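**Q** Build out the structure end to end from the sequences listed, making use of the hints.
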Amino acid sequence: MNSNTLVIEAGRTDREYWKDLWRYRELFYFLAWRDVLVRYKQAVLGVAWSVIRPLLTMLVFTVIFGRWAKLPSYGVPYPLLVLAAMLPWQLFINAIQEGSNSLVNNTSMITKVYFPRLIAPASSVAVAVVDFLISVVLMVFFMAWYRVVPGVRLLTIPFFAVLAVMASLGATSWLSALTVKYRDVRFVVPFMVQFGMYASPVAFSSRIVPERWRLLYSFNPMVGIIEGFRWAILGQGAVINGTIILFSIGGVTALLASGIWYFRRTERTFADII
Amino acid sequence: MSDYVIQAEGLSKKYMIGHQIGMRYGTLRDAIVESLRRVGQGALRVVGPSTASLDPRREEVWALKDVSFEVKQGERLGVIGRNGAGKSTLLKILSRITDPTRGRVALRGRVASLLEVGTGFHPELTGRENIFLNGAVLGMSKAEIKRKFDEIVAFSEVERFLDTPLKRYSSGMQVRLAFAVAAHLEPEILVVDEVLAVGDYAFQKKSLGKMREVAQGGRTVIFVSHDMGAINTFCEKGMLLHNGSIVTAGNASEVVARYLEGADRLYTPIRSVFRDYGEFRLIAATVLQNEVPTAAVNSRLPFTIEIQYEIVKVVPDARLSVFFRNQKGEAVFSTCDFDDATEEALNRQTGRFISRVTVPPKFLKTGAIFGTVVFDVRFTRVVFAEPDLLRLEVFDPECPPYSETHDRPGIVAPILSWEITRVEGSRDEREAGWEGRLTHSMQRVQE
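Keeping their order, the protein sequence lines are chains D and H.
Oh and the first sequence: position 66 is 55 in this note's numbering, straight run, nothing missing.
Each position in the second sequence, counted from 1, maps to that position plus 13 in this note's numbering.
If you're looking for bench data, these hints aren't it; they were derived computationally from the structure.
Please read these numbers as outputs of a predicted model, since none were measured by experiment.
Glycine included, every Cβ here is placed at the ideal spot set by N, Cα and C.
Hints are supplied without guarantee of correctness; some may be wrong.
Claimed, not checked - Here are the simulated DSBU-like cross-link-like pairs (lysine-lysine), alpha carbons at most 30 angstroms apart as the crow flies: (1) H/159 with D/8; (2) D/8 with H/161; (3) H/27 with D/30; (4) H/180 with H/155; (5) H/85 with H/180; (6) H/218 with D/30; (7) H/375 with H/218; (8) H/250 with H/85; (9) H/218 with H/161; (10) H/155 with D/8; (11) D/30 with H/161; (12) H/27 with D/170; (13) H/250 with H/78; (14) H/326 with H/341; (15) D/8 with H/85; (16) H/223 with H/85; (17) D/30 with H/155; (18) H/78 with D/170; (19) D/8 with H/27.
Unchecked claim - Partial selection, computed: residues in chain D whose CB lies under 10 angstroms from chain H: (20) -2; (21) 15; (22) 19; (23) 102.
Said to hold, decoys possible - Calculated from the model, a selection of chain H residues having no Cβ within reach of chain D, i.e. all distances over 10 angstroms: (24) 25; (25) 75; (26) 88; (27) 133; (28) 137; (29) 311; (30) 317; (31) 368; (32) 380; (33) 383; (34) 385; (35) 391; (36) 404; (37) 423; (38) 428.
**A** In structure tokens:
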């Protein structure tokens, strides 16, 4: 029970906000737990969905880009190339698809209860992380199947995973706040996902991007993250260097910082306009 | 060091509401300019400062205007007012759901708000899971919920269905579960918004009882309700809001009376009616308690009904009466000035009169009652009748609402004294006495 004085004042930024985020951490777990539970209760497919989605995508990409288009995979089985990219990519898009609606879907909570609103998009990211972990299991299975043994680079996976989570959180913060104000943002998201799918080396290796476009291409923070995953897990077939990683770190940091900034700025009006 | 737990100064809240006005495009150039302007505004709106107030198509509405008040520790403040007065907005600001446009409020202690029951409930989850979810949403920690889990389940009376999904619950059960969780909040400051008007009668009773328990633990409660009876018996202080400003604040019963007087003439102690029926002209009807006109009547004290009228033409054998009915339409009692059969009543001449009758204390049940004033000749004709002319809210400051006294069968609730005496004599004698009486009555039954 803490009894210190709280002052609510017009136009005053809440210094307590970050402490509040910690204080409300249990709510964060509960919201994530709720979303995971609900998904698993609603259908038999619920549990399987976390496996089927990456699996099917991997199959489709392998057939279309690997077999028919005959894109090179540079010494790595195509399915593994795709699957390694799917891990961070699915994390990102699951987070933004669910997360962009996280505030409007919880309208009653926003208008009736206080909690640091950042918890809502953050819990969507947490749910996406759960899916990510399931996909990791799938990855392990396929690596065993193809008898590919990862090297010591695997230890860098947490670094790239953290980057992926940061990118997801940044994008989700932006999108969830924007969706509150402009409801048609939710129609933009699928388009962004489609576009991003081809602007990022998910279905193919970055090596097929011509040299003169390489720099511009690297501005996409997901490029560094995806190739990073490939490099860490597979060892071969990845196109990665210090510059790309730096771009990723810079891009992700900018995305996260700006996302949280915008979210905090508009947060005080959520209850009024949602 | 003051013992105020809530100090509000100059709280104001502005809302912008938009009006859609059709745009007329005179020329293509205008149309293009207009759309470019809107695109520019749109981009600016996303990241720039808010220029919404400059747009002529949007209007400012002040939901709260310069509200200042202080609440001491352990006080129970009732906030009343018509719909749109700003009560919910005030609660939202105190609950940190929305920010004030101006002003500040200092809160000492943890605040828990009950603005709705069942916030966060998900139909696919079971009752058990929803208890944890709802508790977390309301700000309880997992450990706290676990600790109170059994109490919550017992209060909600849904133990059998704890592991069925919530979508299978009846609405009554959902409400009970929601309230059960909310009732076990233990904050220092509790903010409650009309949520007690849910569930059936028995449950409302339980809920109010629980809230009273919470309040008696030294907690400060801010209570918004339209149930004047609940406000009167539960809160010590009151605050009346109208159009965003405080109209009056002070003792709960005074504030309630003020509200009832002003509320659309629905409740009024004084009715000037000037009805001219040729023979009888009603001038005014007032209800007084402690010689003060009021519409909220303390059932523990006597109150007086005063009727001013004029006899234009003598009507022999005419009497003045007041019939009281309750909210359900049942007749509660009636009284007539012939009952006492005074000289003035039996031989009413022309002229102006004031008739007063005093209703005894500790007699009426709490709730709303409506008085019809009648001037008639018994079994012959009605000269004058004004239905529901007097409207009163009866409250009992010494009993919580829905207390047992006012729950008993009967349209009145007289508070009577009982006398208890011990009967002397040895045990055997007494038993013989009883037996004798018992045999005697049994014989009579058999006959």
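**Q** Hint by hint, which ones does this structure get wrong, listed from lowest number up?
**A** 3, 5, 6, 14, 24, 27, 28
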